[in-house]
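Enquirer: From first to last, the protein sequence lines stand for chains S and C.
Reminder that position 198 of the first sequence reads as 198 in this note's numbering, one-by-one numbering, no gaps.
Reminder that position 110 of the second sequence reads as 1110 in this note's numbering, one-by-one numbering, no gaps.
Hints in this document: simulated from the structure, not taken from any laboratory.
Every residue, glycine too, gets a C-beta built ideally from N, C-alpha and C.
Be a bit skeptical, because a hint or two may be false.
[Stated by the list, open to error] Result set (DSSO-like, lysine-lysine): computed pairs, CA atoms no more than 27 Å apart in a straight line: (1) C:Lys1386 <-> S:Lys371; (2) C:Lys1448 <-> C:Lys1064; (3) C:Lys1312 <-> C:Lys1441; (4) S:Lys42 <-> C:Lys1272; (5) C:Lys1364 <-> C:Lys1347; (6) C:Lys1180 <-> C:Lys1278; (7) C:Lys1102 <-> S:Lys379; (8) S:Lys42 <-> C:Lys1399; (9) S:Lys320 <-> C:Lys1386; (10) C:Lys1030 <-> C:Lys1016; (11) C:Lys1089 <-> C:Lys1148; (12) C:Lys1146 <-> S:Lys375; (13) C:Lys1184 <-> C:Lys1172; (14) S:Lys42 <-> C:Lys1089; (15) C:Lys1016 <-> C:Lys1353; (16) C:Lys1353 <-> C:Lys1408; (17) S:Lys42 <-> C:Lys1053; (18) C:Lys1008 <-> C:Lys1045; (19) C:Lys1172 <-> S:Lys371; (20) C:Lys1020 <-> S:Lys379; (21) S:Lys374 <-> C:Lys1448; (22) S:Lys375 <-> C:Lys1045; (23) S:Lys375 <-> C:Lys1008; (24) C:Lys1272 <-> C:Lys1045; (25) C:Lys1053 <-> C:Lys1102; (26) S:Lys379 <-> C:Lys1184; (27) C:Lys1399 <-> S:Lys320; (28) S:Lys320 <-> C:Lys1353; (29) C:Lys1206 <-> C:Lys1184; (30) S:Lys371 <-> C:Lys1399; (31) C:Lys1102 <-> C:Lys1087; (32) S:Lys320 <-> C:Lys1408.
[To be verified] Where chain C lies over chain S, by a calculated footprint (3+ residues, C-beta under 8 Å): (33) 54-64; (34) 118-128; (35) 275-287.
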Amino acid sequence: MNIRKTIDNLKKPFNKGEKWERFAPAFNALDTFLYVPNHTTKHGAHIRDAIDLKRTMITVIIALLPALFYGIYNTGFQYYSQLDVEYNTIDLFIHGSAKIVPMIAVSYIVGLAIEFAFAVFRGHEVNEGYLVTGLLIPMIMPVDIPLWMVGLSVAFAVIIGKEAFGGTGMNILNPALTARAFAFFAYPTYMSGNQVWVSEASNIDGVSGETILGILASGESILPYEPLQMFMGSIPGSIAETSTLMVLIGAFILIFTGVGSWRIMVSGVIGAAITGLLFNVWGANELMSFSWINHMIVGGFAFGIVFMATDPVSATQTVKGKWIYGLLIGIFCILIRVFNPAYPEGVMLAILLMNVFAPTIDHYVVEANIKRRKKRGIKTAVNIV
Amino acid sequence: MSNDIRIKNGLTINLKGAAKNIVKEAPYPKSVSLNPSNFHLIIPKMVVRVGEKVNVGDVIFYSKKDERIKFCSPVDGLIKEIVRGAKRKIIEIVIDVDKNQKKLEHNIIELEKLNADEIKNIILNSGCWPFIKQRPYEIIANPSEKPKSIFISSFNSAPISADFQIILDDQKEEFKTGLKVLSKLTDGEINICIKKDISTFINDIKGIKTHIVSGPHPSGNVGVQIHHINPINSGERVWTLGPEDVAILGRFFLTGFYNPIRTIAVSGAPVKYPKYYKTIIGSELREIINDVGIDLKDSLRIINGDVLTGTKVEPDNYLGFYNNTVSVLREGNQYRMFGWVPFINNKIPSIYKTSFSWLFPNNKYDLDTNLNGEERAFVVTGEMEKVFPMDIFPMQLLKECMAENIDKMESLGIYEVAPEDFSLIDYSSSSKIEAQYIIRKGLDLMIKEVG
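Kindly produce the complete structure, drawing on both the sequences and the hints.
Expert: What follows is the structure in structure tokens.
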């Protein structure tokens, strides 16, 4: 318990009435990271479940790790496989890490600095939500985006997307997608085209790569990739979105532990499958004819529906609402892909759109419950008369 | 006639230290107390002064708002102390017990000859009225009102709580008489819920409606049962009583004496010989604690009530007015290094599969009072519904209570809930939301604004 004693000594100036009291949230965030605090129950139930937000968030991070590691590998693979050089797996990871680790570092440093500042300013504890957001943001960016853009997107997402609404639990839009949408509309040349998806594509001739959805949107129908490749993920795309397999492992972790909503995931897949199938029948353009199964294993659909749509704060909150919300995300994702060639990937905008409508969906679900209760009251009143 | 009710959403928390099926006569207490905080929102108006002599059944104080509601002495003795807090608020009335137990005798009149109002008056004067609680609001019933029905839950589903089959075993006649008395107070039915697969004498009682209830906690909560059998609508009143309270009421009508016997289960992992004690309401806990084998040198928490809804008390405090369980837990005021990492500290179970506890559903746990985290904003959704078996949106209702939005609270079902129905939400919340506290505040607001 010596470490504990040291921490308690260090903590003294942060206690109530001491000179650094204002900065206590920052110190507490670090302290509670090391130790679950000795707080005991004051009101209500005297015993409590082992779960807390730290554990919830870390479970999501664990679920993200397979996709992240595959993203690091694939970044190296997309790069080396187009060069005429010898390489081994370690080279791939080294190249990928060199690109991605700095992005994660920037995301965490900028994001957590803002979160800590707001916590101190507002006098509340630091919420753990950013641990997940901060990892998600680099994972859904193109690999060659400049670090300052990552930092700026993070700042925009945390300040405008989250803190402006009152902080964790109050935001309307998913912060990670807000960051991506910001970068997408502010720096479109860094976020789309055939020069951004493969590492160093804009610097080295002979290295290039377009996403499958991009190829289809430009009217090509012959794809250089097999469905198995699409499923495994050795295709160009945002860093961690490419491997459907790794996303499925993450989905399994989220559903098994109960941390992620399986209802949103399942209904999202159903929505996309039905829409994709209908367009297959129609078949007016390349994206319409693109098999509905393939729709689900290319682009960010799998990643979005598993890790973004299930964000509990920006999603619907009722059970019925979750079914509707997921279904609509699936439908809109394919709709945007098919009808809007400017945005070949529809999942980001579909989720952001449904984020906005989530409270409305919940409103109608809750209203139905209220009406049911009122009706019941009238019925008994009539019986008594 | 019986109807089966299956509760699906809920949680069974397996704790160590359930009371064994032994009922021991506790030594007669040397002192007892009446604690007004047991009676929510009642402001006491004292009738006796310090040093005065009282018999069993003598009025100690009555409710300032409704003078008919009287609170009587459970023992014969001397008023030793009236403990007052800030603004002279009465905190506790302590009575030193005499050797001879003189009892205030009431006339016994045959039940059949009495009408509802006469019965009400007898109950009010006997000191038994405070046992009758009302929904909505979970407060002592208003004698001027007529309930649409009366509900009694004959079993506890909370962890390591008292088993009423054991408690009622030698009070069957009293219990039946109590039911007869209650049936005069309502035009509706007397509903008693029985746990599934249990054979009990209650099944054979005539003139009541029994319901078979199965499923995890909170299936034993009377509020959950009311919701599934005959839900409360705006403006309606339902009365509820604890099973042993019905027996106390029945005993009064059988004997003419107020005799508030309370059988308590003393349970919890730190208790060496967890078992039942027969004692008097409000009696001092000290002797029972010594007898049951609790080492007070350890850092322990003693709770009047079950571990989910009870009130913390000190070892030299007194038994509460309503509770049939006294629970003991270890205080959890220690730090746990990296305790938030999943699959660390697997001795603490979780509704999420982030602890290996799900592999051993039959394991019994020795939980302490650590919060296992810190309070945070509402983030995770859907977890409250998992442990809340009512057609009510718990999170939405909690948020409206916090916003003090009376219209929305009403339409979302505040009349149907009591704090205890939210105890599992307290327990399982990943944001450590104090749901019972929020609901109590919400109910109090409704009483103030709507009444």
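Enquirer: Hint by hint, note whether the structure agrees.
Expert: So, going through the hints one by one against the coordinates:
Annotation: proposed proximity of Lys1386 (chain C) to Lys371 (chain S) holds, straight-line Cα distance about 23 Å (limit 27 Å). In summary, the hint linking Lys1448 (chain C) to Lys1064 (chain C) is supported, as the alpha carbons are separated by about 16 Å, within the 27 Å threshold. Simply put, Lys1312 (chain C) and Lys1441 (chain C) have alpha-carbon atoms about 19 Å apart, close enough for the 27 Å limit, and the pair holds. Straight-line distance between C-alpha atoms of Lys42 (chain S) and Lys1272 (chain C) comes to about 26 Å, which keeps the hinted pair within the 27 Å bound.
Of the supplied pair hints, the one linking Lys1364 (chain C) and Lys1347 (chain C) holds, its CA atoms being roughly 9 Å apart against a limit of 27 Å. At most 27 Å may separate the alpha-carbon atoms for a hinted pair to count; Lys1180 (chain C) and Lys1278 (chain C) meet this at roughly 24 Å. For the suggested pair Lys1102 (chain C) and Lys379 (chain S), the alpha carbons sit about 53 Å apart, so the restraint of at most 27 Å is broken. Taking the CA atoms of Lys42 (chain S) and Lys1399 (chain C), the gap is near 20 Å; set against the 27 Å cutoff, the hint holds.
Between Lys320 (chain S) and Lys1386 (chain C), the direct Cα distance comes to roughly 14 Å. Compliance with the 27 Å bound is thereby established for this hinted pair. Of the supplied pair hints, the one linking Lys1030 (chain C) and Lys1016 (chain C) is violated, its CA atoms being roughly 31 Å apart against a limit of 27 Å. Between Lys1089 (chain C) and Lys1148 (chain C) the alpha-carbon distance is near 35 Å, which puts this suggested pair outside the 27 Å criterion. Taking the CA atoms of Lys1146 (chain C) and Lys375 (chain S), the gap is about 23 Å. The hint holds against a cut of 27 Å.
With a CA separation close to 19 Å, the supplied pair Lys1184 (chain C) and Lys1172 (chain C) stays within the 27 Å bound. Simply put, Lys42 (chain S) and Lys1089 (chain C) have alpha-carbon atoms about 22 Å apart, close enough for the 27 Å limit, and the pair holds. The hinted pair formed by Lys1016 (chain C) and Lys1353 (chain C) meets the criterion: a straight-line CA distance of about 21 Å does not exceed 27 Å. For a cut-off of 27 Å, the pair hint linking Lys1353 (chain C) to Lys1408 (chain C) is broken: about 34 Å separates their Cα positions.
Pair hint Lys42 (chain S) plus Lys1053 (chain C) does not hold up; C-alpha atoms about 38 Å apart against a cutoff of 27 Å. Restraint check: the Cα-Cα separation between Lys1008 (chain C) and Lys1045 (chain C) comes to about 45 Å, which exceeds 27 Å; the hinted pair is violated. Taking the CA atoms of Lys1172 (chain C) and Lys371 (chain S), the gap is about 43 Å. The hint is violated against a cut of 27 Å. For the proposed pair Lys1020 (chain C) and Lys379 (chain S), the alpha carbon gap of about 47 Å is over 27 Å, so the pair is violated.
Using a Cα cut-off of 27 Å, the hinted pair Lys374 (chain S) and Lys1448 (chain C) holds, with the two alpha carbons roughly 22 Å apart. For the hint pairing Lys375 (chain S) with Lys1045 (chain C), the CA-to-CA distance comes to about 42 Å; that exceeds 27 Å, so the pair is violated. The suggested pairing of Lys375 (chain S) with Lys1008 (chain C) holds, with an alpha-carbon distance near 25 Å, which does not exceed 27 Å. Simply put, Lys1272 (chain C) and Lys1045 (chain C) have alpha-carbon atoms about 41 Å apart, too far for the 27 Å limit, and the pair is violated.
With a C-alpha separation of about 11 Å, the suggested pairing of Lys1053 (chain C) with Lys1102 (chain C) holds against the 27 Å cut-off. Among the hinted pairs, Lys379 (chain S) with Lys1184 (chain C) is consistent with the structure: their alpha-carbon atoms are about 26 Å apart, no more than 27 Å. Of the supplied pair hints, the one linking Lys1399 (chain C) and Lys320 (chain S) holds, its CA atoms being roughly 19 Å apart against a limit of 27 Å. As the CA atoms of Lys320 (chain S) and Lys1353 (chain C) are separated by approximately 24 Å, the hinted pair is consistent with the 27 Å bound.
The straight-line distance between the Cα atoms of Lys1206 (chain C) and Lys1184 (chain C) is roughly 14 Å, inside the 27 Å bound, and the hint therefore holds. Pair hint Lys371 (chain S) plus Lys1399 (chain C) holds up; C-alpha atoms about 19 Å apart against a cutoff of 27 Å. With a C-alpha separation of about 35 Å, the suggested pairing of Lys1102 (chain C) with Lys1087 (chain C) is violated against the 27 Å cut-off. With a C-alpha separation of about 20 Å, the suggested pair Lys320 (chain S) and Lys1408 (chain C) falls inside the 27 Å cut-off, and the hint holds.
Counting residues of the segment 54-64 of chain S whose CB lies closer than 8 Å to any CB of chain C gives 6, so the stated coverage by that chain holds, three being the minimum. Check result for the segment 118-128 of chain S against chain C: holds, 3 residues qualifying (beta carbon to beta carbon below 8 Å, three or more required). Restraint check on the segment 275-287 of chain S versus chain C: 0 residues with Cβ-Cβ distances below 8 Å, three needed, restraint violated.
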